[in-house]
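Use these hints to put chain B onto chain A, whose structure you have.
Residue numbers (our numbering), protein chains in the order written: chain A, 68 to 182; chain B, 8 to 179.
Heads up, a few of these hints could be off.
[To be verified] Covered stretches of chain A, as calculated for chain B (at least 3 residues, CB under 8 Å):
#1 91-104
#2 131-140
[Said to hold, decoys possible] Okay, derived cross-link-like pairs now, BS3-like style, lysine-lysine, Cα gap no bigger than 30 Å in a straight line:
#3 K174(B) with K94(B)
#4 K174(B) with K164(A)
#5 K94(B) with K135(A)
#6 K164(A) with K94(B)
#7 K156(A) with K174(B)
These are computed hints drawn from the structure, not numbers from a lab. The beta carbon of each residue, even a glycine, is placed where N, CA and C say it ideally should be.
So the chains spell out like this:
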Amino acid sequence: MMEGVLEVLAWGLLGTGAVFSVIGGIGMLRLPDFYTRMHAAGVTDTMGAWLILAGLACLAGLTLVSAKLALILFFLFMTGPTATHALVKTAWYAGVKPLTTEASGQPEGTPPSNP
Amino acid sequence: MPPDKSTGRGGSDAVLHAISLTAVLFGTWLLLSGYFTALLISLGVLSLAVSVGIALRMDVVDHESHPVHLTWRIPTYWIWLLAQIIKSNFDVARTILGIGDPPTPNVVTVQPSQRTELGQVIYANSITLTPGTISVELENGEITVHALTRGSADDLRTGVMDGRVSKLEGGA
Chain A
68 MMEGVLEVLA WGLLGTGAVF SVIGGIGMLR LPDFYTRMHA AGVTDTMGAW
118 LILAGLACLA GLTLVSAKLA LILFFLFMTG PTATHALVKT AWYAGVKPLT
168 TEASGQPEGT PPSNP
Chain B
8 MPPDKSTGRG GSDAVLHAIS LTAVLFGTWL LLSGYFTALL ISLGVLSLAV
58 SVGIALRMDV VDHESHPVHL TWRIPTYWIW LLAQIIKSNF DVARTILGIG
108 DPPTPNVVTV QPSQRTELGQ VIYANSITLT PGTISVELEN GEITVHALTR
158 GSADDLRTGV MDGRVSKLEG GA
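So that you can see chain A by itself, here it is in the shape it has in the complex (with noise of 0.2 Å):
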């Protein structure tokens, strides 16, 4: 019974991080530009992975194996936002100008010139 139910959660996890994925994936396509394409990323990055991850390890159970997942769950929490930023900034540095819909009066942030 136990065993069933736990199998249930696990597909009903790795199939919603599928789906999370996905959409990440649409996103990179669909969105303007390149930063708003990072966030997109960033959908996959986070739900996708995780809920793949948590998944795969209810379908481990409590074995050496779900503890190696949840490691590889904690590298991608610290490593993800690191490899984010360094695009990101790297792109902004290049001059990479974002698409804004700003409306006149916030202070819009400039990309600084290549040295």
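The following block gives chain B in isolation, referenced to the frame of chain A:
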């Protein structure tokens, strides 16, 4: 990095950081090896001694690489952050699918209220981790943030996350 008395380098804290590093490394060894034989565990202890020795000699074991002072407060913060991330994931997913707010990208700057660099880094990373907002730059005590929609920028401006991180850092 210049020595900083207020953040407690040296003294008993240094011992605490070394103990923390040892515990984390040993836990990692056990977890990744999965063999609990005398030989493999003693090999683990040996490599542990070498690694900790090198890390201490390199002087990289401090409150930034091992923020032990956050140990008790950080789980609460992670749970809160997780809820935020799930919430904004749904927002961004709806925007992507065209059933939520349309993308209105904008760039805002926020002033973090954290006192330490570690706190500001935690705040900036939390912003990046939350879909819909990415911190582009942390410079001169200001974080430049790219937000996917007006709503996500406004959420950030309320300063709730900022307050949470400041609390995590320690009120004193």
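Each hint, compared with the structure:
1. 91-104: holds (count 9)
2. 131-140: holds (count 4)
3. K174(B) with K94(B): 22 Å, holds
4. K174(B) with K164(A): 35 Å, violated
5. K94(B) with K135(A): At roughly 27 Å apart (the allowed maximum being 30 Å), K135(A) and K94(B) satisfy the hint.
6. K164(A) with K94(B): 28 Å, holds
7. K156(A) with K174(B): 28 Å, holds
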